[in-house]
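Full structure from sequences and hints, please.
Protein sequences, first through last, are from chains X and W. Numbering-wise (the working numbering), the first sequence opens with residue 1 and increments by one. Numbering-wise (the working numbering), the second sequence opens with residue 1 and increments by one.
Derived by calculation from the structure, the hints in this document are not laboratory data. Note that beta-carbon positions come from the ideal geometry of N, C-alpha and C, so glycine has one too. Keep in mind that the hints are not guaranteed to be accurate.
[Unchecked claim] Here are a few chain X residues that sit away from chain W, every Cβ distance over 10 Å (derived from the structure):
{"hint": "1", "residue": "H61"}
{"hint": "2", "residue": "L75"}
{"hint": "3", "residue": "G243"}
{"hint": "4", "residue": "G293"}
{"hint": "5", "residue": "Q297"}
[Stated by the list, open to error] Label pairs and their in silico Cβ distance ranges:
{"hint": "6", "chain 1": "X", "residue 1": "Q208", "chain 2": "W", "residue 2": "E155", "range": "48 to 56 Å"}
{"hint": "7", "chain 1": "W", "residue 1": "S35", "chain 2": "X", "residue 2": "E227", "range": "39 to 47 Å"}
{"hint": "8", "chain 1": "W", "residue 1": "G377", "chain 2": "X", "residue 2": "G51", "range": "54 to 62 Å"}
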Amino acid sequence: MIGVEPGSLVDQPPYASRNDARFLAEMEQLTQHHLAGCPLYQRIWSQWRPGGSVQDLPFLHAGLFKRLLFRTEGLAHERTLESSSTTGSQPSQIVLDKSSSQLQARSALAILKDFVGEKKRPLLILDDGKSLRQKRGSVSARMVAAMSLSPLATALHFLLVDATSPATMKWEEVRSAMTGHDELLVYGFTSMLWLAWAAAEIPQEIRQLLASRRIHFVHSGGWKTMESLQVSPEEFDRRLTQGLAAGSRVVDYYGLVEQVGIIYPLCECKFRHVPVWADVHVRDPLTLESIEGRTGQLQLMNTLAQGAPYHSVLTEDMGVIVPGACPCGRAGKRFELVGRMPKAEVRGCANV
Amino acid sequence: MCSRLHWFSRSQHLSVVALPFNLPELIADWDSLRSAMRRTTPDAFQRDEWAYLMSFLSPEQLMAPYREAFGSPIEAGGRATRLARPLGTVAVWLPNNVSLLGPLTLVLLTLTGNRMLFKTGSRSDDLTSAFLGFALAQLQAGPLRDILESRVTCETFERGDPRQTHMVEEADVRIVFGSDAAAASIHGAANPLKGVGFSFIDRQSQVWLEPQAVSDEVLGNLIRVFAIYGQAGCTSPRRVVLLEGTESQALELRDRILTLWPKVLRVSTQLHVASANTLALQWAAACGWNAAAAPNRQAVVGVGPIGLEAIDSPLFLPISPATVEEAIAQLPSNIQTLGHALVNPSDGRWLEIVATTGIKRFVPIRRMHHFASLWDGEQFWRRCFEEVEFDL
Numbered sequence: 001m002i003g004v005e006p007g008s009l010v011d012q013p014p015y016a017s018r019n020d021a022r023f024l025a026e027m028e029q030l031t032q033h034h035l036a037g038c039p040l041y042q043r044i045w046s047q048w049r050p051g052g053s054v055q056d057l058p059f060l061h062a063g064l065f066k067r068l069l070f071r072t073e074g075l076a077h078e079r080t081l082e083s084s085s086t087t088g089s090q091p092s093q094i095v096l097d098k099s100s101s102q103l104q105a106r107s108a109l110a111i112l113k114d115f116v117g118e119k120k121r122p123l124l125i126l127d128d129g130k131s132l133r134q135k136r137g138s139v140s141a142r143m144v145a146a147m148s149l150s151p152l153a154t155a156l157h158f159l160l161v162d163a164t165s166p167a168t169m170k171w172e173e174v175r176s177a178m179t180g181h182d183e184l185l186v187y188g189f190t191s192m193l194w195l196a197w198a199a200a201e202i203p204q205e206i207r208q209l210l211a212s213r214r215i216h217f218v219h220s221g222g223w224k225t226m227e228s229l230q231v232s233p234e235e236f237d238r239r240l241t242q243g244l245a246a247g248s249r250v251v252d253y254y255g256l257v258e259q260v261g262i263i264y265p266l267c268e269c270k271f272r273h274v275p276v277w278a279d280v281h282v283r284d285p286l287t288l289e290s291i292e293g294r295t296g297q298l299q300l301m302n303t304l305a306q307g308a309p310y311h312s313v314l315t316e317d318m319g320v321i322v323p324g325a326c327p328c329g330r331a332g333k334r335f336e337l338v339g340r341m342p343k344a345e346v347r348g349c350a351n352v
Numbered sequence: 001m002c003s004r005l006h007w008f009s010r011s012q013h014l015s016v017v018a019l020p021f022n023l024p025e026l027i028a029d030w031d032s033l034r035s036a037m038r039r040t041t042p043d044a045f046q047r048d049e050w051a052y053l054m055s056f057l058s059p060e061q062l063m064a065p066y067r068e069a070f071g072s073p074i075e076a077g078g079r080a081t082r083l084a085r086p087l088g089t090v091a092v093w094l095p096n097n098v099s100l101l102g103p104l105t106l107v108l109l110t111l112t113g114n115r116m117l118f119k120t121g122s123r124s125d126d127l128t129s130a131f132l133g134f135a136l137a138q139l140q141a142g143p144l145r146d147i148l149e150s151r152v153t154c155e156t157f158e159r160g161d162p163r164q165t166h167m168v169e170e171a172d173v174r175i176v177f178g179s180d181a182a183a184a185s186i187h188g189a190a191n192p193l194k195g196v197g198f199s200f201i202d203r204q205s206q207v208w209l210e211p212q213a214v215s216d217e218v219l220g221n222l223i224r225v226f227a228i229y230g231q232a233g234c235t236s237p238r239r240v241v242l243l244e245g246t247e248s249q250a251l252e253l254r255d256r257i258l259t260l261w262p263k264v265l266r267v268s269t270q271l272h273v274a275s276a277n278t279l280a281l282q283w284a285a286a287c288g289w290n291a292a293a294a295p296n297r298q299a300v301v302g303v304g305p306i307g308l309e310a311i312d313s314p315l316f317l318p319i320s321p322a323t324v325e326e327a328i329a330q331l332p333s334n335i336q337t338l339g340h341a342l343v344n345p346s347d348g349r350w351l352e353i354v355a356t357t358g359i360k361r362f363v364p365i366r367r368m369h370h371f372a373s374l375w376d377g378e379q380f381w382r383r384c385f386e387e388v389e390f391d392l
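Here's what the structure looks like:
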């Protein structure tokens with residue numbers, strides 16, 4: 001194994017051409033680190049030996065993080081990151097350490113800058129300020145996603161009185177944020193951005209003020225709710241940007257709490273690009289063989305996760321690697337996210 | 001109301017059952033439905049479920065509850081010592097994820113002459129309504145059609161609906177499939193002076209194997225029985241205990257099951273099932289199980305000590321080598337069915353074990369899912385009748 005500093009690839013521009021050998025070396029080193037420090041991981045992958053290719057790297061199924069708390073010893077663990085779970089399901093829990101958190105913040109910022117630019121502007125967050133103050137030692141994935149944009153902010157404005165209620169939108173806060181600024185950054189979960197902003201009755205006076213502002217909307221969280229509302233991505237973008245200044249746009253990104261720090265925004269050509277410190281593979285769900293040119297189960301990797309073995313995760317999302325160069329100009333691997341795996345209800349004998 | 005008397009004999013004792021229909025005609029009607037069932041499988045049913053339902057409707061199967069309760073059918077005449085007649089109204093509560101037990105209960109209850117009220121779940125495939133609809137669409141005029149049209153009510157409603165109170169008040173027999181809390185709530189709302197209640201609540205089952213009794217046929221049955229509902233079925237094996245076996249024998253058994261799996265079940269694995277099994281394989285390994293997956297991730301089988309808790313994954317089958325004493329000590333308190341493959345199942349020691357434990361059913365593996373008039377230790381079918389002493 002060549003000597004590498006974990007996470008050092010994050011110093012590079014996100015969508016440059018990559019030194020694959022260096023990426024593999026970092027990933028193998030991370031894997032060895034977790035095997036040595038995480039007993040649960042060691043039990044699962046005790047037979048693993050470096051195989052000389054990224055396809056041979058071990059992975060953990062994303063669902064494991066809902067059931068077990070992985071922690072690699074020898075690091076300063078700070079907080080536990082919790083996903084927003086749907087009713088009745090367990091949230092994923094990711095143990096964060098100081099060193100990884102710094103790398104993850106740099107990673108997310110570098111990716112976001114590539115899509116929304118570096119200029120600082122007010123950041124409007126469709127959440128309530130109380131969400132920042134969670135129980136001691138834990139932090140929500142929703143807030144981590146919002147705060148990844150904070151280095152690009154001149155000030156933070158929380159727009160909801162109640163994080164669960166789009167009807168509690170504080171339009172006066174929007175007015176206040178616009179004072180002295182022509183550009184704004186707005187972040188929200190996809191469904192909340194639709195319900196609280198795009199589909200909301202915006203006060204006439206605010207609407208007039210917004211007409212001269214250029215806004216970058218950034219959203220994440222998936223399309224499940226929007227599908228049930230029968231809203232297409234095109235309609236979503238159109239409703240958000242109508243009546244705003246030219247140059248306003250919407251950035252939809254895909255990310256998992258189990259891959260904190262790595263986000264996959266949809267580019268102008270509707271593809272998702274892989275930064276040089278990450279990788280994406282597609283596996284056949286039945287055989288787990290690495291496949292190319294057809295849809296399969298997405299495996300996401302990154303070189304940033306040191307506090308727990310979430311550096312290589314098999315998701316329940318389906319996707320396909322798209323060959324060739326992207327007209328958007330970003331180099332490296334790109335993929336298309338096809339959607340979640342279909343689910344079926346378990347039928348039993350009344351007792352489950 | 002009851003116009004037809006049916007005579008049964010057992011050990012010199014004659015019983016008469018008064019029913020509002022002619023029983024042989026009713027059974028013949030159910031039998032006739034099987035021809036239509038062979039041609040079509042409604043979408044709501046899995047192929048295995050439909051096949052089992054068809055076999056359940058055979059005349060021999062349908063006469064079995066009468067034989068068990070009253071004896072063999074005979075021509076009318078003689079000195080009857082007992083008269084049985086339907087109690088009146090039987091109400092059945094079926095929760096959302098209930099399996100084939102709904103349609104099977106419907107079939108059994110039609111034989112009793114009672115009026116039937118079914119409350120089905122609102123959030124999933126409702127097999128009872130699906131089967132009722134199928135039967136009504138296929139049946140010619142006859143007693144069965146009359147019963148299904150006029151004496152069966154099948155409704156779906158949420159908690160708090162006034163129909164719930166009505167159902168409880170109407171019922172002479174309450175049969176509740178569901179959680180402990182649901183059963184307590186329904187029976188608690190009933191008039192304590194009226195009716196009888198049966199609760200088919202949270203239960204689990206196991207398989208006990210003796211190494212010398214293991215064959216490909218036995219393992220094929222185990223695979224078929226487990227694969228239908230996996231860990232979610234109350235009659236599915238949640239654990240296989242290899243009696244007096246060693247760990248290496250258990251590992252050998254695991255590998256044999258995994259090799260047999262695709263030969264026994266020639267079906268393609270759904271993607272979400274494959275993914276759930278990838279998760280199960282890793283989860284089991286993390287928890288200390290020596291686990292492996294069947295080809296195409298059809299299932300995961302693990303070997304571990306009998307005290308090791310199984311992971312909660314639909315198609316994870318744990319195998320534990322243990323002595324008989326250990327197996328008895330580790331039986332779950334809510335044990336229902338014990339499926340067996342034993343060298344000598346008629347050995348008296350098995351009877352003693354069943355007598356001193358909470359086991360409700362002790363059956364060969366292939367019969368684990370077979371529903372009958374005696375269920376969970378309750379003669380619920382027979383209790384749908386009231387019986388009159390008859391001394392002439």
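Exercise. Quick one: which hint numbers does this structure break? Sort them smallest to largest.
Key: Hints 1, 5 not satisfied by this model.
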